[in-house]
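Protein sequences appear in the order of chains A and B.
Start counting the first sequence at 1; every next residue gets the next number (this note's numbering).
Start counting the second sequence at 1; every next residue gets the next number (this note's numbering).
Hints listed in this document are in silico derivations from the structure and should not be mistaken for laboratory results.
For clarity, every value in this text was computed on a predicted model and none was experimentally measured.
C-beta atoms are modelled at their ideal positions from N, C-alpha and C, and glycine is treated no differently.
Be aware that one or more of the hints could be misleading.
So the derived list for chain B, only partly shown, Cβ under 7 Å to chain A, looks like this [said to hold, decoys possible]:
(1) G9
(2) G14
(3) A38
(4) R47
(5) F61
(6) L79
(7) D126
(8) V145
(9) F187
(10) S289
(11) G327
Some chain A residues well away from chain B (every beta-carbon gap over 10 Å; in silico) [to be verified]:
(12) P63
(13) G133
(14) E203
(15) F206
(16) I245
(17) G250
(18) N282
(19) P291
(20) G318
For reference, the chains in residue letters:
Number of protein chains: 2
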Amino acid sequence: MSGERILLGHGSGGRMMHRLIRDVMAPAFSVSGFGDAALIGAAGPGRLAVTTDGYVVSPIFFPGGTIGELAVNGTVNDLAVSGARPIALTAGFILEEGLALDDLRRIVGSMAAAAHESGVAIVAGDTKVVGRGSCDGCFITTSGVGLVPEGRDLGPRAIRAGDAVLISGHTGTHGVAVMAERNGLSFEPPIASDTAALNGLVEAMFASGAAIRVMRDPTRGGLATSLKEFALESGRRILVREADIPVLPGVRGACDLLGLDPLYVANEGVLIAVAAAEDAGNLLAAMRSHPRGRDAALIGAVGAEEDAKVLLQTSAAGSRILDMLPGEQLPRIC
Amino acid sequence: MSGERILLGHGSGGRMMHRLIRDVMAPAFSVSGFGDAALIGAAGPGRLAVTTDGYVVSPIFFPGGTIGELAVNGTVNDLAVSGARPIALTAGFILEEGLALDDLRRIVGSMAAAAHESGVAIVAGDTKVVGRGSCDGCFITTSGVGLVPEGRDLGPRAIRAGDAVLISGHTGTHGVAVMAERNGLSFEPPIASDTAALNGLVEAMFASGAAIRVMRDPTRGGLATSLKEFALESGRRILVREADIPVLPGVRGACDLLGLDPLYVANEGVLIAVAAAEDAGNLLAAMRSHPRGRDAALIGAVGAEEDAKVLLQTSAAGSRILDMLPGEQLPRIC
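In isolation and in its complexed conformation, chain A is listed as follows (with noise of 0.2 Å):
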């Protein structure tokens, strides 16, 4: 079917819909028939935990991945910093008319590498068609089902004063390498995203018995948002060391060129988490011997003023606040 388009038709509910699921869709995922719910046997004991995200990037392909691995590990990711196992993931397609059937299968391909990879099936998707102009190409939304393991009980008001911060990598890549792709740009080493499923990292974590209180992965609005997020929740004053936090040269420079700053940039395969300082040596140490954690940092710590500011502490010996951006630095970067 080279050359071929997708048209109103293929997201009719008829023929045409039908044979895309069949002859695209289906292949790539573990999704069986044209019923209306998939069914994923039984959830074992703990908690379930839930979660969706839409995407909408543009451009669809960039350095280092796709619109369609962005949706996979981005909602994998989102349940393993919740402390839960991703069980299933379920996609929503939404279309324009025009689209590449070509485009639409390396999309879904890489969609269903990226659930090879992370160990999670996408067990359920649905796929609509709008016409020519109602949206850019492919939108993608991608939802979660998660176990929670009983005595994993996270969250920000489990924070105490002297806790340690990490991070598992270089923050502000992904979004320097879209805004890259996007303007046209391109830089030498070639900076590509960092989209990559974390949920292994997160068992490793576990593994190091480590005392976790909460863990987040710092997309739209970046590393200084998640940590006044994590602020502004506990109720707490959260210190970082600007020398301390890992930033790629490349991206830094990109962000100097352009008047960005990395630490509002998204990423898109790195977590921050909070975690007893007495553990803070051993859950460092086992982040850095896993594949995805190997850049993992002590960025700062939490302090015992309980006013919900992030303070970053310069590499000129002087300090500034780090506050919510008001809007977008970066539109459209996942």
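Since the structure of chain A is provided, determine the placement of chain B on it from the hints.
Okay, now just chain B, sitting in the frame of chain A:
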């Protein structure tokens, strides 16, 4: 905030998005805080069911409903007809820059009301904003998780020769209501969408003790397409009698006028069921005594032939084969 509109910054992850969630989304839904996933308690015995559906209906407001009600009821119904008791829903919004905030409030309010009426909580959400012209006002993708109690084992493979085919109400109403609104047509009496949650009806059907083989809610592609899916998936012939299929007189008239076949027009508050012939009377009585099944009817039976065809016995005493539509009769009705 009357007169305000959605801006790109509302999708940023920054302060504007946090305020939108706090002021518009959170009061309507059961979403607490900005964590990455919602925890919804232990699942209990049985199998989990998951489903997802995207809603791109144009216009977003139509007689009898909104895109938001459709999104909630549609996902509740996908779970219910799978035999699952809905546990929780998620909602992913893709909003166009410039959408009136009051329109978003109306949509979100109608979702909260629909969720309340069906007794299912919306526990997680996501909001993305795309630039003007990049989507049509508002797309919503809802996903749902449910629990199939032990002993419920539905599926087209359970269909046997002689089984009865039932429908819970009038067919074709939703699609005609949306199309009339889109084209500025008005009918007397007015035709309103049938959007409604069917989980209560489904529980009443199971409580009757009838041996239900399979259910489906015939949305896109209408009644004929769902019947053809049953025929294909079971390998059996299905016979339905045109005279017994309930269609509102106004819907029939509008379809005649517009050259549409009501059997292929979408429903949003109707289900079809195949059940053991000896239970058909009991099941029909149980359906009719529920407010959502008042107009239920016995419309046909499963034949002994294994040719996967759907035969419509027409009012003129002839018969014709109902196949899937090749493409689209009526785009963007859900």
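For each hint, the structure was consulted:
no.: 1; hint: G9; in the structure: holds (3 Å)
no.: 2; hint: G14; in the structure: holds (4 Å)
no.: 3; hint: A38; in the structure: holds (6 Å)
no.: 4; hint: R47; in the structure: holds (5 Å)
no.: 5; hint: F61; in the structure: violated (17 Å)
no.: 6; hint: L79; in the structure: holds (5 Å)
no.: 7; hint: D126; in the structure: holds (5 Å)
no.: 8; hint: V145; in the structure: holds (6 Å)
no.: 9; hint: F187; in the structure: violated (24 Å)
no.: 10; hint: S289; in the structure: violated (24 Å)
no.: 11; hint: G327; in the structure: holds (3 Å)
no.: 12; hint: P63; in the structure: holds (22 Å)
no.: 13; hint: G133; in the structure: violated (7 Å)
no.: 14; hint: E203; in the structure: holds (16 Å)
no.: 15; hint: F206; in the structure: holds (16 Å)
no.: 16; hint: I245; in the structure: holds (18 Å)
no.: 17; hint: G250; in the structure: holds (23 Å)
no.: 18; hint: N282; in the structure: holds (24 Å)
no.: 19; hint: P291; in the structure: holds (22 Å)
no.: 20; hint: G318; in the structure: holds (24 Å)
In the structure shown, a violation is registered for the earlier hints numbered 5, 9, 10, 13, in ascending order.
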